[in-house]
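Quick mapping for you: the protein sequence lines, in order, are chains A and B.
Residue numbering for the first sequence follows the working numbering, starting at 18 and increasing by one per position.
Residue numbering for the second sequence follows the working numbering, starting at 18 and increasing by one per position.
These are computed hints drawn from the structure, not numbers from a lab.
Please note that a few of the clues may not be correct.
If chains are identical, the list can't say which one is meant, so a pair holds when it fits in one copy or spans any two.
[Said to hold, decoys possible] BS3-like, lysine-lysine: derived pairs with alpha carbons at most 25 Å apart:
| hint | residue 1 | residue 2 |
| --- | --- | --- |
| 1 | Lys40 | Lys100 |
| 2 | Lys40 | Lys102 |
| 3 | Lys176 | Lys100 |
| 4 | Lys176 | Lys109 |
| 5 | Lys109 | Lys40 |
| 6 | Lys40 | Lys176 |
| 7 | Lys176 | Lys102 |
None of the values given here were measured: they were computed from a predicted structure.
2 protein chains.
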Amino acid sequence: MSGATLSNANVSVALLHHPVYDKNRQVVSTAVTNLDIHDIARSARTFGLLSYYIVTPVPGQQELAGRIVRHWQEGWGATYNPKRKAALELIKIAATLNDALEDMQERFGRPVRLVTTGARLHPRSVTFSDLQHLITERDQPYLLLFGTGWGLVEEVFEKADLVLEPIQGAGDYNHLSVRSAAAIIMDRLFGAR
Amino acid sequence: MSGATLSNANVSVALLHHPVYDKNRQVVSTAVTNLDIHDIARSARTFGLLSYYIVTPVPGQQELAGRIVRHWQEGWGATYNPKRKAALELIKIAATLNDALEDMQERFGRPVRLVTTGARLHPRSVTFSDLQHLITERDQPYLLLFGTGWGLVEEVFEKADLVLEPIQGAGDYNHLSVRSAAAIIMDRLFGAR
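The shape of chain A in the complex, shown without the other chains:
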């Protein structure tokens, strides 16, 4: 399976800590959490993606995320758990969604298609299988966007090129953690079966 880990390298994921809604649909910046950093990095690495952008405009939060990443990259963590190091290598810290988009765009030399995810069905939703077919076009870069808190704000959906349909469970309860939703979405798009 050598080289197989590069197969989805036209796709990155981003976790937005701003702008997202809180419980009362106010636009907020959420706090960076240790496990969102680790879990989503490990999933992105497992499914062979290019990068994982952690997006927060708050300097103290950027610093915290950087400190966590460096611990597993260079500190004691790197020798304790090299697998963790390999996952956290994918991480880039960005102040805004546009910064993340531009970073990826520079790398590919062409516009990046932005894909939003969320728990509710959106009028523009595309299916998992639609998106799966699209991203097999390897020189077209895609950025898959996940929201913290109560989800991505409407403006981000408007800005997106594509809106991915929500995950459907067994009934009408659909309140997965963003870490779980990200894992499932990556598996549906990139998992080998």
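Since chain A is already given, all that's left is putting chain B on it; use the hints.
What follows is chain B alone, placed relative to chain A:
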């Protein structure tokens, strides 16, 4: 979709904090973590499962898990986030795997089939699609087992009726968090597509 949430009610999941391996393949008891409780409960609820057993022999850890569950069941958390309450209702705390098995067995009045999960391919592995077909037999109870730390010990695999194949990503990196692996496995077995 009324009643649809009951469709996988012959299946429960259990998270084992003991007996599992540590990094050096020593058998240990790991610590209960807040996010393992929440994330796996929310996934189990999304996919319509019966119960989520948190298995730890350590009384202080059982107490901690109980306190977290009660906070969202009865405390301030229950009114702040009723969706969390609905997920955490699935949780049962058990001292041993046998206690969890017996609890489920009593409910069904018949032996429970034990299914292990793990990151490595096992000689006895069944595919996702094999297991998916088996569990559509609704009066046959199944308990899906997840390990913390560096995974379930060999004795648990020996005890199991079925061993589920590992999740395959894009390459040979396969180090998902247990929360992410549990989410993906439930989605592969029970998700609507």
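How the hints compare with the structure:
Only between protomers do lysine 40 and lysine 100 lie at most 25 Å apart by alpha-carbon distance; the minimum there is 12 Å, versus 35 Å within a single protomer. In this assembly of identical chains, the alpha carbons of lysine 40 and lysine 102 lie at most 25 Å apart only when taken from different copies (15 Å versus 34 Å within one copy). In the homo-oligomer, the alpha carbons of lysine 176 and lysine 100 never lie at most 25 Å apart, since the shortest distance is 35 Å inside one protomer and 29 Å across protomers. In this homomeric assembly, lysine 176 and lysine 109 come within 25 Å of each other (Cα to Cα) only inside a single copy, at 22 Å, whereas the closest approach across copies is 43 Å.
When the C-alpha separation of lysine 109 and lysine 40 is checked against a cutoff of 25 Å, the pair qualifies neither within a copy, at 28 Å, nor between copies, at 28 Å. Proximity of lysine 40 to lysine 176 under the C-alpha cut-off of 25 Å is restricted to the intra-copy arrangement: shortest distance 22 Å within a copy versus 45 Å between copies. For a Cα distance limit of 25 Å, the shortest separation of lysine 176 from lysine 102 qualifies neither inside one copy, at 33 Å, nor across copies, at 34 Å.
Hint check: violations occur at hints 3, 5 and 7; the rest are consistent with the structure.
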